[in-house]
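Residue numbers (our numbering), protein chains in the order written: chain U, 1 to 263; chain V, 1 to 349.
Everything labelled a hint here was simulated from the structure, so no lab data went into it. None of these values were measured; they are calculated from a predicted model. Any given hint might turn out to be false.
Claimed, not checked - Some residues of chain V that are not near chain U, with every Cβ distance over 10 Å (derived): (1) S65; (2) S154; (3) Y184; (4) F197; (5) P216; (6) S236; (7) P291.
Stated by the list, open to error - Computed beta-carbon distance windows for the label pairs: (8) U:H85 / V:K183: 43 to 51 Å; (9) V:M318 / U:D170: 52 to 60 Å; (10) U:S24 / V:W339: 53 to 61 Å; (11) V:V254 / U:K134: 28 to 36 Å; (12) V:T343 / U:R73: 40 to 48 Å; (13) U:S114 / V:F41: 15 to 23 Å; (14) U:R256 / V:D239: 35 to 43 Å; (15) V:F72 / U:K134: 45 to 53 Å; (16) U:D9 / V:L200: 56 to 64 Å.
Backbone N, C-alpha and C define an ideal beta-carbon position, used for all residues, glycine too.
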Amino acid sequence: MKLQIENLDYGYTKRVIGRSLNFSVDAGEILCVLGPNGSGKTTLFRTLLGLLPTHGGKIVLEQKSLVDWPRTRLAKAIGYVPQAHAAYFAFSVREIVLMGRTAHIGIFSLPSESDKRMAEDSLKTLGIAQLADKPYTEISGGERQLTLIARALAQGSQLLIMDEPTASLDFGNQIRVLRQFAALAATGIGIVFSTHDPDHALNYADRVLMLKDGGLLQCGRPDEVVTGDNLQQLYGVKVAVESIAESHPRHARRRRTCVPLAD
Amino acid sequence: MNASLAEAARAEPKKARALIYVLPLAVLFALIVLAFSVGRFPVSPAELLAVLLAKLTGANHAHASLIETVIFQIRGPRIVAAIVVGAALAAAGAAYQGMFRNPLVSPDILGVSAGAAVGAVFAIFLSQNVFVIQACAFAGGLLAVAAVYGIGSSVRGHDPMLALILAGIIIGTLLGSTIALMKYLADPYDQLPAITFWLLGSLASISPGDLGLALPMIVVGLTPLHFLRWRMNLLSLPDDEARALGVDTRRLRVTVVCAATLMTAAAVAISGIIGWIGLLIPHAARMLVGPDFARMLPLVMLLGACYLLGIDTLARTMASIEVPLGTLTAFIGAPFFVWLLATARRTWQ
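Sequences and hints are given; from them, build the entire structure.
Encoded structure:
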């Protein structure tokens with residue numbers, strides 16, 4: 001499932017944030033969006049999901065303009081993982097994940113056995129099956145984030161849009177989630193995610209998009225785009241990108257990491 | 001019902017889960033028998049059974065027509081009304097709470113009851129019939145909830161849960177003043193007692209005709225809630241998420257508001273303002289089966305029916321004069337709510 005963004009002007013209902021954005025996401029591709037706070041990442045995502053109207057240009061999904069997609073069909077195509085948030089009611093993790101099946105369930109119907117199975121499967125895929133009966137209000141921020149990702153998986157979408165999915169995770173869970181992305185992409189699912197950690201872009205993305213003040217700063221392969229110069233332009237701090245040899249017999253590849261430098 | 005039963009029902013075992021519905025059903029049945037029996041004119045369960053059987057089979061019966069009048073004309077309608085109004089207010093409260101993502105709202109706090117009351121009092125003021133009273137109650141309730149929601153969501157930069165409740169208090173006060181004005185202008189010998197009596201909340205003067213009007217309205221309101229019972233859950237998510245999951249949130253929300261308001265208005269129109277049920281009962285139900293609306297809806301209605309029937313029976317038997325229902329629900333509801341606040345943190349954040 002291919003998502004194409006052509007000359008997109010986007011923003012809130014009354015205010016334009018960014019202009020003339022061009023990029024695309026292919027099936028099985030992982031696109032990482034980097035940008036400082038307030039650079040328009042969340043607004044861009046909400047526009048891609050059809051939650052905010054465009055101010056100009058076009059979003060095309062499968063050769064069809066996004067505005068021509070009915071809400072239910074769109075939900076089957078694009079899944080959304082928001083930043084983990086608090087909940088007002090103590091739904092169990094299982095119930096939350098089951099809500100991912102909404103687009104597949106008739107308006108007046110209850111979830112079927114197969115819906116329930118798919119919810120269980122995505123819980124297992126993310127390794128949180130043991131949380132199934134816990135109330136969402138009583139689990140940690142990281143577990144909530146994993147629950148929301150499981151919900152998007154249960155949705156069965158071919159494209160996942162994730163707003164800082166690693167923001168509230170501990171170091172180990174961050175890596176586990178990012179590895180999960182690679183596994184999902186291998187099945188043909190396209191992934192767009194934002195992060196504040198350039199290391200994630202360097203090591204887990206196929207392409208990187210840098211947003212500054214709503215506009216496109218750079219877009220390209222991680223090794224080309226995530227450089228000290230670009231990061232300094234983006235965040236206003238001096239950064240060096242270093243390379244480390246991984247001495248694993250099977251993954252003999254170089255890993256890269258960003259190190260902040262004294263100004 | 002103790003905590004461990006609730007735990008078991010949430011976890012899964014089918015038996016415990018069924019028990020959580022069967023138990024209130026048994027309590028309701030017992031309350032019905034009790035409500036028929038007690039009062040100034042006692043009717044024993046045996047007499048009740050005999051009269052009911054006679055009525056069903058159409059057989060000639062040797063029972064005093066007085067007993068029949070008590071059962072069919074006085075206590076019968078009143079018992080049905082208590083069950084229907086209790087269930088309706090509780091279901092409406094549960095719907096409002098889920099929909100506004102706010103466990104502290106209820107028909108009273110959202111101003112629906114007060115709005116419906118203004119509409120109904122206005123109709124009484126104009127000496128209209130029951131049908132017009134109901135229509136005005138519905139319109140008033142809908143306007144009130146629209147105003148509260150409008151104000152609550154347009155005040156930016158505040159905790160939305162707090163904003164909604166404050167908006168409810170503002171609109172509620174405004175509506176209270178409107179009622180006061182209408183009372184002041186009403187005919188003190190005829191309309192004023194009717195309005196005052198009605199505002200206190202009472203099931204004493206309910207006729208089978210009133211029920212015949214309110215019951216269909218409540219069923220009409222309940223129908224969409226029943227069919228949307230799973231989808232309702234999606235409204236407790238932030239709007240963006242629910243839409244990204246494929247829900248037309250605006251249409252769903254409007255449907256649910258109209259349905260819940262219709263139920264509240266129909267109840268208020270025949271019973272007056274009976275507070276607390278829409279706030280308390282959903283909490284109790286959520287403690288027992290969790291927040292899933294599909295599982296909660298039948299229980300919330302059962303508990304609402306039990307609560308109001310129990311309270312109403314108490315109201316007409318505890319003293320030599322009848323205690324106003326609205327005051328009694330408040331006397332029992334307020335301490336219960338304090339207890340809920342103190343102990344039941346797990347039903348919300």
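If you test the structure against every hint from before, which numbers come out violated? 6, 7 and 13
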